Amino acid sequence: MSYVGEKTLTALPSLLSLDSQPGPAKLSSTSKLGNLIRGITELTSKHEEEKLIQRELESIKEQVSSPNTSMRQMKELMVRAIYCESLGYEASFVYIHAIKLAQQGTALEKRVGYLAVSLFLNESHELLLLLVNTVLKDLQSTNLIEVCMALTVVSQIFPKEMIPAILPLVEEKLNHPKEIIRRKAVLALYKFYLIAPNQVQHIHNKFRKALCDKDPGVMTASLHIYLQMIQENPEGYKDLTGSFVNILKQVVGGKLPIDFNYHSVPAPWLQIHLLRILSFLGKNDLRTSELIYEVLDESLRRAEMNRNITYAILYECVKCIYTIHPKSNLLEKAAKCIGNFVLSPDINLKYLGLKALTYVIQQDPKMALQHQMTIIECLDHPDLIIKRETLELLFRITNAQNVVVIVEKMLEFLQNSPDDYTTIDLVGKVAELAEKYAPDNEWFIETMNTVFSLGGDTMQPDIPNSFLKLLSEGFDSVEEDRKLRLFAVDSYVSLLQGETRKLPQCFLQVISWVLGEYSHLSEDHNRSTVLRLLEKLLDMKQTSSETKCWILMAMTKLCEGTAGVCVAQQVSETYISSMDTVLRQRAQELQHLSQDSELREEVLPRDSGLDPMEIDSSLSFLDEFVSGALAAGAAPYKPPHQRQEELAEAKVLSLEPYGLALPISMSSCSITDRHSPTPLSMSSGLSGDSTDVSHRAGLKLDGVQRVWGRDGYLAKKESVEEAAPVQGLTPVHSPSLQNEGDGSHSQTPTPTPTPEPDREKEQLASSLFFGVSSQSSVCLMGKPDSTFNRRRKAKVQAPGVTEQLSSSVAPVSNAVDNLLCNNLQDSNINSVSAASSKQTCELSPRVPAANGTCNTDCGLPESDRKRSNLSISRDNGLVDADSALSEDQGSRSDLCPSSYLPAELCGLYRSEIAPLCTAHSLELSACHVHQGDDMILIIFISNSSDSQVLQIRLDLKSEQLKVTCVSDSSVENIKSHTVAVYQYSLAVKRPGVDVEVDGTLSFLLPAGTPQTKHFSYKLPLTAFIRPLLISTEEYGTMWLGFSHEVKQNLTLVDDGCEPLTFTLNLLKNRLQLHLVEIIGLEGILACRLLQNQPCLMHCRVHAGALAVWLRSPVPELPDCLVYHCQRVLQEK
Amino acid sequence: MIKAILMFNNHGKPRLSKFYEHYTKDTEQQIIRETFHLVSKRDENVCNFLEGGMLIGGSDYKLIYRHYATLYFVFCVDSSESELGILDLIQVFVETLDKCFENVCELDLIFHVDKVHNILAEMVMGGMVLETNMNEIITQVDAQNKMEKSEAGIAGAPARAVSAVKNMKLPEMPRNINIGDINIKVPNLPSFK
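Chains A and B supply the protein sequences, listed in that same order. Residues 1 to 1132, numbered by my numbering, are exactly what the first sequence covers, in order. Residues 10001 to 10193, numbered by my numbering, are exactly what the second sequence covers, in order.
Pairwise CB distance ranges, derived in the manner of DEER restraints:
id	chain 1	residue 1	chain 2	residue 2	range
1	B	K10025	A	P67	27 to 37 Å
2	A	K214	B	E10021	27 to 37 Å
3	A	G633	B	K10025	49 to 59 Å
4	B	E10021	A	N340	27 to 37 Å
5	B	K10025	A	L43	13 to 23 Å
6	B	E10021	A	H592	49 to 59 Å
7	A	L129	B	N10145	29 to 39 Å
8	B	N10010	A	S45	11 to 21 Å
Straight-line Cα separation of at most 25 Å, DSS-like style, residue types lysine-lysine; simulated pairs:
id	chain 1	residue 1	chain 2	residue 2
9	A	K61	B	K10025
10	B	K10025	A	K100
11	B	K10018	A	K100
12	B	K10018	A	K160
13	A	K1132	A	K1018
14	B	K10018	A	K61
15	B	K10013	A	K32
16	A	K409	B	K10041
17	B	K10025	A	K160
18	A	K137	B	K10146
19	A	K1013	A	K962
20	A	K46	B	K10018
21	A	K46	B	K10025
22	A	K355	B	K10003
23	B	K10013	A	K46
24	A	K1018	A	K957
Hint data in this document are derived by calculation from the structure and do not stem from the laboratory. Bear in mind that the values here come from a model prediction, so they are computed numbers and not experimental data. Built from N, CA and C at the ideal position, the CB exists for glycine as well.
The shape of chain A in the complex, shown without the other chains (with noise of 0.2 Å):
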């Protein structure tokens, strides 16, 4: 203070003589206002400084409103009022004189009236309308000041409703010949398209204007506009990306003139806005990323000084190579300029690092290990927001192994931690990672214990309701939900007998719940002593009478007994008095029940335990309705914060083409997939060397440096020695790999953090970073919901939920593979093996009858396309098997069924024509012909005898299929030695492995008797598979999109060469998929079932094993798919 006091009085006399404008009146008031700020720093008390204020105010009242006082006396009363304001005390009582400065004063009392407007008033202050005529005059004025401060105050404040008034100005000044003018002129537009944007839409090409403007002054302030329209629209803007590159690439290369430099780097606020835009356009979208890569480059090459400002700009290209569509060079350079921020011993530099990172993360666990030892550093670091950020990094990482050391430092964080928000935050996180991944029953209450006391009642309260909800619910079996609310229980009633003063309300709140609910269940803890501590509780000063009520309500639950009843009565009489009305209520219900035995025998029943007549608080009753919804395809219930979670991660990046929704499912998998524009950038086996990772259990340092290499991701050395059978399949390909691997990594020199801190830290990384990678290698499994957990799934596996049948595929050969990955995943795999091996039995017997019916030589013999269009000829050939067949069984070759084959659908692809009954002399025989995108069923009925027959009816239906006629069956009779042909279309309703149609032939005999017959008719489901036509891009946004998932491995068949291509062809040629690409080790392809339902598969060369995720709107049908796969590949 006195520090300041000095300066005042040495620095006025000086402030004096610089002021150059002479008159009593100007030296008064700044006198004035030098005495008020001189008081004021002399001041000890808040009390006496209000008291000078309020004088002062007074003072300014009584000159403003003495009409003797000149403009000029009124803008230095205007200031002193500003100041006072800036204190935080109100002048209202000058507002007016502001709005009325800035319309009546000189240009530089008009400054001086706009900035106190601007200060005083909000948009919506009524005051404002009058300030508009003032505006609108100045605008049109010729003085380029005022017009600027018009531009200016109108970009600050400005009534939403009076824009379409001054709008056609402001255009106006777009084609301004000041550039500043214009500038401003951008810059007010952009605050109208903000707060209207319906009122601004008519000049989006005047917007286009001022990014071409010849000043690059103008176009940068158009910028702002295009982020924001980017941001919210980017598809509107793609045809601007070759522009915008082109600006980036002059402004990169120097072209703008030397004033633009900022400490020698050209422009470099206008190049951070520009990747901004750039990575929006080239989000999801390999075209436009194809356009932007080059400048990317350029930039991160240019950007190498060591100047702040340089690294803001690196920063921003990291971003965005990261957002567009990845190309593996610059990704490898994005993550050496992560690693070089990370390292940086300038501490933001750091900060924006860790940032990096874990935007990184999600996507590529593998950034985590490489800078484990920083991040470990980073922990302990003296800076709390650096440890936060750290902390956030943990979170995303955060899997069933390093859970307990991950919540257990972000409760240490906690403990000695600072603000509000921040404990919030955190708390939110650390209950939903106990949630997920609680390894068990006492880890988890005492967390949860932990959460409650630190975070307080100032956390969200969805935390504590969703803990009793999971407490109520209970999850795997009745003997685990037991134990857990024993514990609950026994950790409670210590709790209580111990220190209670400082337990926050809403842990009390639960406390009581959980006791008024499960004490029973504790032997130990007999319920009068749970109703005397409950008791102590109400006594308590601190106790809000909410929570008073909860302890009711729990007393309620316990009172029973002579020794309860007494408490309760004693209780109930101290509260039934009380003011609340909600107490009050809960004291009488209380004392009621207390004293009337027979109603508490009714209602608490003894012996029975208190399950049966406890309420669903589970809310059971609408399991059904639930498992409904989400065999229908409904998302499942999340609740909010893991919502907002979710919402910010999406916010953050999407990497890949066609990922994974889920956050913590991006794995190494999809790393890959962002190589797609390059052949060959695969590495083989990266899945296999993340669960190398898991198993070895512990870190390997060593091997950490190789991680990236020329072509973005490189397997490890181990990894290569796992993926050796790959190699003996691939002979021509993986040396390649492995050489190409081998020179980039002797190219890139990554630094490599110095594996030489102490044991403690290394162990605190193995046991921070346990299971990162076998994290991705889950993911790899095609587990998208690998959050789901032990304890989320109790929901999912509610009974009657059979929605996870659909989601594993029957073959032994997953169940064995499922068993493969249980000790990489944690129990919950478990289940669903067994839900698979389950349907391996209902679906045993399918598969036998499957084969062996008439039907199987009804599966398309769909060998090759072209084959498909048979000719006549073949026709013929196929006619005389089958006159042959009719020969044997005595009847005539004249009725050979394909013969009367409907002339339009004559040399469409068909199947065999297949008997499917006779009786007496009808015979019946069927085949199914392709039309187009129909498929058409044909009966042909040949009647053999030598007289007519009569009142013939076929009658089709299908559990599966939608069956419709399309020729007139209206043909009843048949005369002798000829064929009626039924003609119908077939639509998948319900998608199946075969699907089958049943029908009932009724005919009248010669004889007058009528009969029925019945039959039916089997046909694969791939007679409706067609190859879906679409590319990569459009692939990746559909995979997005759709809901079920099934994965399985196959077998690769090996054609010597090529196992992969070999047999994705082969798939492709018998089943009619369509290819969409191969890259590397994976390949994707695509088809659609009649009518239009669409599947698409990726497949992946793993482990010699073809692993396949396949994926469709439809429940069922990528679990036919998968089944078809199979048949093909095995057959072969």
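Fit chain B to the supplied structure of chain A, relying on the hints for placement.
Then chain B, alone, in the frame of chain A:
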């Protein structure tokens, strides 16, 4: 977008506060207090970024600050601004103040709060960064100061002088010397072919 620019001294006395978003007067004071509370706790050798602050809007918002001698300069921004970019912008702002006031000290800011606001207005307009070039900002401010000086003499001056000042034009910007030299090519936009 920049939500607010705050300056206060080591004791938390507000020296300048400019909000680009509407808050009530009370909230504004609370924000200043909270921000001071957050910022003043921090050591000198920690990072210049702070997250959160309940009032100003949670996780999407950041406080980016610099500490010069007796003053804190705090910019509150949303996620659309580059952290390091803003950090340098603060530097530009302070350098500009220093140039305009010739060795700026806290007192200059108190006594010339209107001038500081004017300088700020040339740099940030309605929450958007308008100009980042110090010389450019100074040129603009000088032009206005010139007007101030000539206007000061107007009081008793003849009417024609008044009109002369009224019609005064801003000086030519140095960057506009020759538009042809500026090699930023006008992008070829389809609509302007």
